[in-house]
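*Asks:* Each chain, letter by letter, is given below.
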Amino acid sequence: MTTISDSEPHARPGEGERLHQIIFLVLAGLLLVAPFFVYPVFLMKVLCFALFACAFNLLLGYGGLLSFGHAAYFGAASYISAHAAKVWGFPTELAILSGTATAALLGLVFGALAIRRQGIYFAMITLALAQLVFFASVQFKFTGGEDGIQQVPRGKLLGLLPLGDDRTLYYVVAAIFFAGLLLIYRIIHSPFGQVLKAIRDNEPRAISLGYRASRYKLAVFVLSATLAGLAGATKAIVFQLASLTDVQWTMSGEVVLMTLVGGLGTVFGPMIGALVIVSMQNYLASFGAWVTVIQGCIFVICVMMFREGIVGKIAQIFKKPL
Amino acid sequence: MKVRLVLAAALLAATSLSASAQQLSVKLGVLNDRSGIYSDLAGEGSVLAARMAVEDFEAEKKGIKVEIISADHQNKPDVGSNIARQWIDQEGVDVILDVPTSSVALAVNQVVKEKNKIFINSGAAASDLTGPQCSPNTVHWTYDTWALANGTGTAMVKNGGNTWFFITADYAFGHALERDTSAVVVKAGGKILGAVRHPFPGSDFSSFLLQAQATKAKVIALANAGGDTINAIKQASEFGVTQGGQALAGLLVFASDVHALGLKTAQGLVLTEAFYWDLNDKTREWSKRFAARNGQKMPTMVQAGVYAGTLHYLKALEATKTKDTATVMAKMKEMPTDDPLFGKGEIRADGRKIHDMYLFQVKKPEESKGPWDYYKLLSTIPGKDAFRPLGEGDCPLVKKG
Amino acid sequence: MFELIGIPPQALFGQLLLGLINGSFYAILSLGLAIIFGLLNIINFTHGAQYMLGAVFTWMLLQYAGLNYWVALIVVPILVAAIGVVTERLLISRLYDLDHLYGLLLTFGLALIIQGLLRNQYGISGLPYSVPSQLTGGHNLGFMFLPNYRGWVVAVSLVVCLATWFTIEKTSLGAYLRAATENPTLVQAFGINVPRLVTLTYGLGVGLAALAGVLAAPIYSVNPNMGADLIIVVFAVVVIGGMGSILGSIVTGFGLGLIEGLTKVFYPEASGIVIFVIMVIVLLVRPAGLFGRAA
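Chains as they are written, first to last, in the working numbering: chain W, 131 to 452; chain D, 2 to 402; chain Z, 76 to 370.
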């Protein structure tokens, strides 16, 4: 039975590094000029979800672990970040950090529980734990129920740079995203990443070679949760709102979709997937329920004919890992 | 380069010409739920209502060019506030209309206030919109939780329903509705026997109905909306709740809900609404025109509110001859309102639109003469009594005194 | 003693009986899902949408063809099962050699499509469907008033569950099926048409979901979203019962109904998530589920 990783072009370590460096440079360039052509708030939404999808892909594409409850880290971080900025009066960067730290903690606890099981059972545990987070979000007073936490102040970065202007905030968000992407790239292309891929491809063999598989799996789980939390915490500041949508299981489903469309197990895939899905939701907003139908069709088409995703397909054509 | 200069000059001349011809150009955005639980009570019908207002007002002839766009907020505050922001920043929308679902309305209220545009809300229930969250840019038309609580609560206690049990949706809106109604009931001399909170959204209410039956409360109040209310009413009929002598009070029920339930199930339900198509000749005339363009579905009070709100805005626009937000808002509050749907009324300093509210009861199937003939009027609550008094709302715009 | 808990015994029995009734739906739905997963290794996320199709088709049959509930009870499960069979042949069967994940994603996508299309067509307020006249009214059992229809639901689900369990565990057809799942090549070598068996089994599972939908139409609001939130609960039931175990999912389904019923009395807000708490505990203590065979 083929696994998810089989769709990824097998790469030797170090191959394609040149190409990747060029891609990073081009990406940086695009990020710098984009707000002059495209509505900055839309771009920020894409970047937050792109980071979320990249974080998720770290766990699924490289760790081989399908989590159905990633919204828990995204949403919990979003709530804490919003609450810290609005009620505790934290400066913006500390608010985002608090959110991220919460996600990391949650990732540690949930991860420790979930990795004891494999496959579909692992996925179901993550789903169940995410539902508990959802329930807690509804019950706790500070989350505001379905109103969410509204009117979150954008504040000033490091007490100096006012973030009220969309374009200024955009550059901050772009920097956060770029840093996150670089971090993920480094993780994947490090000795840690290599062991991770080995565990994903054949866990018993990796264990027989002396690697403590559960330690590695927990580590990547926490990393993935933390970065997902960073995305959520940033999102709360950008939209000045944290709501139940962020912790619902449908949000977990959406991030799977973004990663699948972009390309599972590729570095640059999830970001493209996020761009596609967020754009689609944006421009088809007036069509109501058709968005659901179209998303469903994309799922079906991707699974049946397009398993590598957009970037995966490109990587296959050019025979270079992406 | 020269061509560009000439073009620019021509444009400048053209715009100055149009300014002198007093051509106003406004863009209205109807933002509501087009695919979820509130899509039937607002949805496309609200867009139609706005269009009818523009047509009936003959805006073109009066030199006002109106463009109407719409979008689906999916009952999510993040989606709603995003669309509102994008509409104002990118599409040049001047007025946002409708917005049912209180959580979204509050978020949109904030965005519109920040960007200094106008928000005429017709769909949401949150009384906070004219309370702590009130804004000089917002008009809250149609109804709110206070008016509903006051209408149904007071009336039922007066009719002998002095013991109450609440079945409440476990989220902020449900809690608010329960809280407001409890206060009214206690004030009118009634007693609250208990309440049970069900997860939102719920599907099976049999357990909660059983608990309600066990308390023998005279009134079982449903502090929820949409699908939850419909389900609860359906199951109440199945368990013989009303046959057992207890009255069912739907705290937030729309004509579209009754249509979905059918009279056999919904008969006897007591509810408060701001508008009913069959109330008088004027409402009948308008509603028939509306239904002809709306697949023979009669308008709900939310859709009526969009029509009336748009009409009043256009009247203010005509009078002030400018789009400037502060000027137009002041005019809307200064001019008394008068439309065929809500009759005469006014907009208060806190943004609250005042008009009569009506207490209805759902007819029995044999009492109904045709499709959509659902309600009989029990009483009319005059505008001055129907809404929360001006000073009690904690609205910063209102000077206490 | 019961007064100490704060609720008189009669009320408790009433709630337990209601819980049992809800458990019937969980039992039929998780039975269908367990058959599909346990025997075919397909994670059928479309199950909720198929349940909803059962209810919607029941309404349509009355609305457009004037056919009543009793006809629907037979016709609708077969109709929806047929649709299921077509999707299995065209789409799902191509994914058998791949990771489970893809089957899950495909069926999730199909569910979105079905739900979205029906939502566009019929809106979300719910389509009215009344209890059939032969089953209206009820009996006063002393501790509560039991509508006849709800009693009917329990009876039907018990019969269906037992019949299905019997077929799979005790008949030769069931034996072929179980053998085919464990070793398809060998069974095929014996001359049994394994792909056809698989397709029919998928159809059976889907038919069960649709049957639950027909049963639900008169009492729950028939709307395109009715399966969406139910599906993850049903998955939890199957996982707790043990992914391969038919008996496990039946028992857990009824059991969950009872536990939910109790939760609604003591801590109603949590009645939606109590299943997930139980699932986490069970998965950590007995990973294969309560009745499952260790993989």
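Any given hint could turn out to be false.
[Claimed, not checked] For lysine-lysine, the following DSBU-like pairs were computed, each having C-alpha atoms within a straight-line distance of at most 35 Å:
| # | chain 1 | residue 1 | chain 2 | residue 2 |
| --- | --- | --- | --- | --- |
| 1 | D | K345 | W | K286 |
| 2 | D | K334 | D | K345 |
| 3 | W | K216 | D | K345 |
| 4 | D | K385 | D | K370 |
| 5 | W | K271 | D | K114 |
| 6 | W | K216 | D | K334 |
| 7 | D | K370 | W | K450 |
| 8 | D | K370 | W | K216 |
To be clear, the hints were calculated from the coordinates, so they are not data collected in a lab.
Computed from a predicted structure; not experimentally measured.
*Asks:* Does each hint fit the structure? Answer for all of them.
*Replies:* Hints, verified against the model:
A hinted pair counts as satisfied when its Cα atoms are at most 35 Å apart, and D:K345 with W:K286 does not qualify at roughly 48 Å. Of the supplied pair hints, the one linking D:K334 and D:K345 holds, its CA atoms being roughly 13 Å apart against a limit of 35 Å. For the given pair, W:K216 sits about 42 Å from D:K345 by alpha-carbon distance, which is inconsistent with the 35 Å threshold. About 33 Å separates the Cα atoms of D:K385 and D:K370, which keeps this hinted pair within 35 Å; it holds.
Only pairs whose Cα atoms come within 35 Å are accepted, and W:K271 paired with D:K114 is accepted, the gap being roughly 25 Å. Between W:K216 and D:K334 the alpha-carbon distance is near 33 Å, which keeps this suggested pair within the 35 Å criterion. For the given pair, D:K370 sits about 73 Å from W:K450 by alpha-carbon distance, which is inconsistent with the 35 Å threshold. For the hint pairing D:K370 with W:K216, the CA-to-CA distance comes to about 56 Å; that exceeds 35 Å, so the pair is violated.
In this structure, the hints that do not hold are numbers 1, 3, 7, 8, in rising order.
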